[in-house]
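Asks: So you can see what is in the structure, the chains are spelled out below.
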Amino acid sequence: MLKNAIAKSMSRSPWIYHVNTGSCNGCDIELVAVLTPRYDAERFGFKLSGTPRHADIVVISGPVTTQSKDRLVRTLAQVPEPKVVVTLGSCPQSGNVFKGSYSVEAPVEKFVHVDVAIAGCTPKPEAVIAGLYKAAEILQKKREAMTK
Amino acid sequence: MMLVNYIASVILVVLGLYTIITKKNLIKIVLGMGIVDYGINLFIVSTGYNDGGTAPIYNMTELVSGAYFVDPVPQALTLTSIVIGACVDAMALSLVIKLYRQYKTVDASEIRRLRG
Amino acid sequence: MMFPFIREALSNLFSKPSTEAFPAAPVQAKPRYRGRISYDPEKCINCGMCKKVCSPGAITTEIEEVEGGQKITYHFDLTSCTFCGTCEDFCDEKAIKLTDDYLMVAEDKKDLIVSGSKIKPVVKGKLACNTDSCIFCGLCAKNCPEGAITVDRATKSWTVDHEKCIQCGKCISKCPKKVLAFEEPAPQGVIFGGEGCVYCGICAKKCPEEAITVDRATKSWSIDRDKCIQCGKCVSSCPKKVLSMGPIE
Amino acid sequence: MDITGALYILFKILIFPGLLFAVVIGLFLAGLDRKLLARMQKRVGPPLRQPLFDFLKLLGKETIVPHAANKTVYLAAPVVGFTALIVLALFIPVFGYSTFSGNGDLIVILYLLTIPAVALIVGGSSSGSPYAGIGISREMVTMMSYELPLVVVLLTVARKVGGSALCFSLGDIVSWQAENGCLAFHPAMIPALLAMLLVIPAEVGTQPFDVAEAETEICEGPLIEYSGAPLAVFKLNTAVKMFIMTALFANLFFGGIETGYVALDAVIMVAICALVTFFSMTLIHAVTARLKIEHLFKFYWTVVAGLAALSLILVWVGL
Amino acid sequence: MSYVHFPVIAVMTLFMGAFLTVVLGKHSRAVRSFLAIAASGIAFVLIAMLVKPVLIDGEIISYWMGNWNPVNGYAIGIGYEVDQLGMFFALLVVSTILLSAVYSLRYIERDSSQEFYYVLFLMLSGSVLGLVLTGDVFNMFIMIEIMTFTAVGLTAFRNTGFGSVEAAFKYLVIGSIGSSFTLFGIAILYGQCHTLNMAQLSAMLSGNHSPATLMAFALMFTGLAVKSYIVPFHTPAADAYTTAPSSISMVFSGMVNKAGVYGIIRLVYIIFRTMDIPAVQTLMVIFGAVTMFIGVTMALAQHDFKRLLAFHSISQIGYVITAVGLCTSLGLTGGLFHAMNHTLFKGLLFLCAGAVLRATGTTNLDQLGGLSKKMPATTVCFLIGAFSISGLPPFNGFASKWLVYQAAYDKAVTTGNFLYVFVTIVALIVSVMTLASFIKVTQAAFFGQLPERLKDVEEVPFLMQLPMWIMSALCVLSGVFYNFVDKYLLVPAVSAALGVSRYIDSMMGSGYAAEKCVTDIQASGVHFSYWNPMVWLALFVIVLCAACLCILTSKGSRGEILEGDGEDGKYATFFSGEKALPSHVGGSDLFWGFKTDWKGYFNIMEGLHSGVVNDYALYVVAAAAIVVVFTFMFMR
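Protein chains in written order, with the numbering used here: chain A, 1 to 148; chain B, 1 to 116; chain C, 1 to 249; chain D, 1 to 319; chain E, 1 to 636.
Just chain A, with the same shape it has in the complex (with noise of 0.2 angstroms):
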């Protein structure tokens, strides 16, 4: 029973911890966005938390540069699982317009595994929503997974 509720509670407070691996801020601020009265995330228990050992869904913005791409990768594991991955934005998914300059590592499916992409230059804040959405729900099944 505590199982269960543990992993229903999974889905419904996910914590989300925001990476900026070089990003022009505009996503950014669309995911700041997300937490204002219009858009309003917290209804499903999202949150911005301020370290990776609480967070849930780690959200990566940016073209991965070459000098925070060690950082991005020790970042992450730093987060306990069950974790998602999301990025957000087409930069860390495939560089955008700084693909193939010698500062950018991207796409970051090179070093992490990737859950949930949500594309857009910037993503609409509903896109971000329904990104996260889908998100938590990944992070149920894989709560799931883990007891089986």
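These are computed hints drawn from the structure, not numbers from a lab. One or more of the hints may lead you astray.
Unchecked claim - Derived BS3-like pairs (lysine-lysine); straight-line CA-CA distance at most 30 angstroms:
{"#": "1", "chain 1": "A", "residue 1": "134", "chain 2": "C", "residue 2": "241"}
{"#": "2", "chain 1": "E", "residue 1": "570", "chain 2": "A", "residue 2": "148"}
{"#": "3", "chain 1": "A", "residue 1": "142", "chain 2": "D", "residue 2": "292"}
{"#": "4", "chain 1": "E", "residue 1": "599", "chain 2": "A", "residue 2": "110"}
{"#": "5", "chain 1": "E", "residue 1": "599", "chain 2": "D", "residue 2": "292"}
Starting from the known structure of chain A, arrange chains B, C, D and E on it as the hints suggest.
Replies: Chains B, C, D and E alone, transformed into the frame defined by chain A:
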């Protein structure tokens, strides 16, 4: 009259304290401590004084009726106190030597590594 | 007042929240929102202009030789797209459109790639027979599905009805002496009519491959045939209609 | 002690007014706080059960002990804090109904209240993170800040109730109010009441006074390295602390409105707790921004302590 | 052999031990260790054997040296009088001695001229034990003097180190001024009463104070206050505690300043019996409040582990003086209990500081960090000590501080005096500040990042851990089973302090007190009720439940506790994604928010603690002058 003794002892104590407070030289501070000691010793020995009393030594042959001797206890106290005072002074002076070796000065205002 | 928001906070408490009930009630994007790309391969003339103007290089093409021509596939990688809309602007055929679908969320990256393909038929020359080596066995005629070939062994004549021929190539494969073949087609290309040209240079501007050079001063028009991809943009954009597509020398 | 008595005490400890009651009401208040805050910001806000979801979710996460941490202290700290809070819950009567009859001594409460904070500090410190180092320093300064007004408020109440006799017992304070009316309606106690309202958010650590756990500046401060079950217990501690502080407030200032029926009392108590939560935490949270640590200290030692001292002086001159 | 000889034998054993050590112990480490342990052990056993007759049966042992019994109601010889108050302190002293001796065995093994260490150590122990057991004021003075210069010698023991000779010199100057004041007071008293016996003095002085005896009171009070290091006489104490070896710092704070406190209690409660005069209460309470506040704020500003502890010693003595000065049975109980607790937890903390010093070679908080992984036992002991001194329940500091607050506020509401309200608030705030400064030590020395320099640190040997564990256990036990402490130690001691006539009677013959019209001090105050022991059961059950909760949930999930190497990113400290570097938030970085708000105050305080011995002497003399003036203005 013992009043002079008392006044003198208080003056000695005050002078000693004055020395300790105002003089920067460590040797002078130690001397000040000595002066305080002597003032107090004078005071103690004065408290036991009885005018016209003899030395407080039991000697049955010389003990005549009506004769009395000074209080022996303060004298014993004074002796003890002098011994202790001498110890303290010796200790203080030895510390001054050590201090001079470490700090190369006997100026109290320079010897202040421990502060705040 | 030390706390200017106290009144607002209290009045908000008793008023309706301004939150949109998003996942429950779908939200229409605002007009002119640039979202998911839709691509109509039928309209596409494979000019490649979109690919050229795309700054993040989100558009890729694949050309595959298939039966009946080249299969040309366009991939629009939404995870790489900046949604600037330049490709839409540059597409003369209106084959690309940025829709208002903003929900570009996927677990699998493939879901975020919009693709479309069409088969561009290959132009073949006419069927011809080298009658010098032909033995007029008639196998070709027998195998022709349309009955376009007529072989007369007696008169040693071999004829083909080009109207009926569908260029299926069965005859070629059946020929024992391998004397049948499609003729080399005349190379297609832009033909410059000359008469009436005002040397405006629109064709040069429209050319995605910059194959056309127009010099107004010397009234010269030249084309680099190697560069030309025969997209036909110059033809459609010519104001004086002096350009045409056709076989060239 | 016979078996029924033992069971009864166990009931008190584990269910009402001990563990279960405190936890449920604490989570309820925490949820209410978040919901009302959201509504004040024109948001829908999380459901009332959100703190419960958070708690359960954290239980299901991995518990990572960082390499730099001292494992024993790191894991024991939240449990110690939680234990202290539950003991506190037993000390704070539901108006007339208290577990240890009349033993709710104010000084004991004051000191037990420091234990959760100390647990947080020591736990954070043992995690070995420099962010936690900054966090614990801030938490400690916060504690020093609110302790002065809290002490003065408690002494004021003790003087008001006890007169010229020593009265540190919360039970006596409540029964005094039953006879003489709630302390909240005594004019001399109004400044103390306001001071107490301002002390609660710092004690609990909500928005303008949450310098110690400022997640945007120092990554949650002492909690930075915590994950999983220990973090869940820490979050639970905050929720229970909300209940403890508001219940303490209810007993100190609205003591005498008991009906005699324990269930009804409990409902009234929760209602007062909710009101206090709203006024002291939610409303202040909604209209202010986070203070700096030195401003926080100054604020508590001047404004709040001043209010409390005013009340103390008024009471001392016999008002 | 009757137990009446035990007190004298105990004192003599220690002095003989000192003598034998200097004769025999020069070359053999085993011999001097044996002598030190044996002497302190015998003293401990002898005093412990007095627990039954004195504390439980309530007997007061009076012992006349050389059988010089009083003649015609006049004391002639030197008397030893062991009442419950003296016994209480004697127990503290002998246990401190024994534990310190055990700790010293390994602690000073790297030092040279160890035989002198033991000589001075045993002489110091003997003098303090003699001080608390004697019934003669001049004997008391001599013990104080021996105590002072042995303490000075021990302060300067590690005289190659930083500032120890300087500290010793300052200690000597200030201490000898204090002793001189005491001697002066004793001389005046002798001039007035012609006796040196405490009981007889008490009988003669109670209720009739002439200007001369008031002067004597003021001077003796100042002299003993110097020995108990209350503000403004605290300056040499801070220096000496910092630079002395830790085993000696423990002795200083555990018994040397307790000797001063004992002297003050003896002075105001027994010899002069002035404690029921409100002016004396005010004087002591103000001294106590100022002491605890200045002590703790100075401690907050320190960067050195031992110096911080030294200022805490001063601060805690402030609590004791305040509580004792309230003159209620509650206050006296609280004060004595806190004195005892202070011996335990401060001794423990100094031993921890010593362990850190031995292991790392420094006590500078800015250079330490992360020791908890390397020295787990020390860390646990330190935490117990820190929680005890900060007064967290259920440790012993809480029990005694709780009594102090109750007593202070009780005094406030019963007298209606606002001063005591203020004192209560100060006491409560000081407690929080104490906690704050120990959090600073905890963070700076034991938790956080381990500096590269301290990679090879090792835990101290078992022989050094043993005293620490014993004291930790005592800290917890005396907090939890506080009722036993109260019943067997505090109640007898308090009633002895208040029961002047019994003291006089047992020394001078029964009926002597009544003859001189001496009445006991009527101390008001309810007897306290502690929280229900049932709470402890509750606590236990709940801890169990909480632990079960954790275990239960970790079974239900895969959330087992994971540990790993720092090289693995998962277990590295979160540095915003950076590679974990040794960056430690140490001693001087903490509490800057608080310190900026108090900048003015701290600047003044740092100016006052100038380190110049003349300034310190000036404070002593000025304070003595103030006490004299106060005495003459308000005690007539």
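Asks: Hint by hint, say whether it matches the structure.
Replies: Do the hints match the structure? See the list:
For the hint linking residue 134 of chain A to residue 241 of chain C, the alpha-carbon distance of about 55 angstroms lies beyond 30 angstroms, and the restraint is violated. The hinted pair formed by residue 570 of chain E and residue 148 of chain A meets the criterion: a straight-line CA distance of about 24 angstroms does not exceed 30 angstroms. For the given pair, residue 142 of chain A sits about 41 angstroms from residue 292 of chain D by alpha-carbon distance, which is inconsistent with the 30 angstroms threshold. Between residue 599 of chain E and residue 110 of chain A the alpha-carbon distance is near 53 angstroms, which puts this suggested pair outside the 30 angstroms criterion.
For the given pair, residue 599 of chain E sits about 17 angstroms from residue 292 of chain D by alpha-carbon distance, which is consistent with the 30 angstroms threshold.
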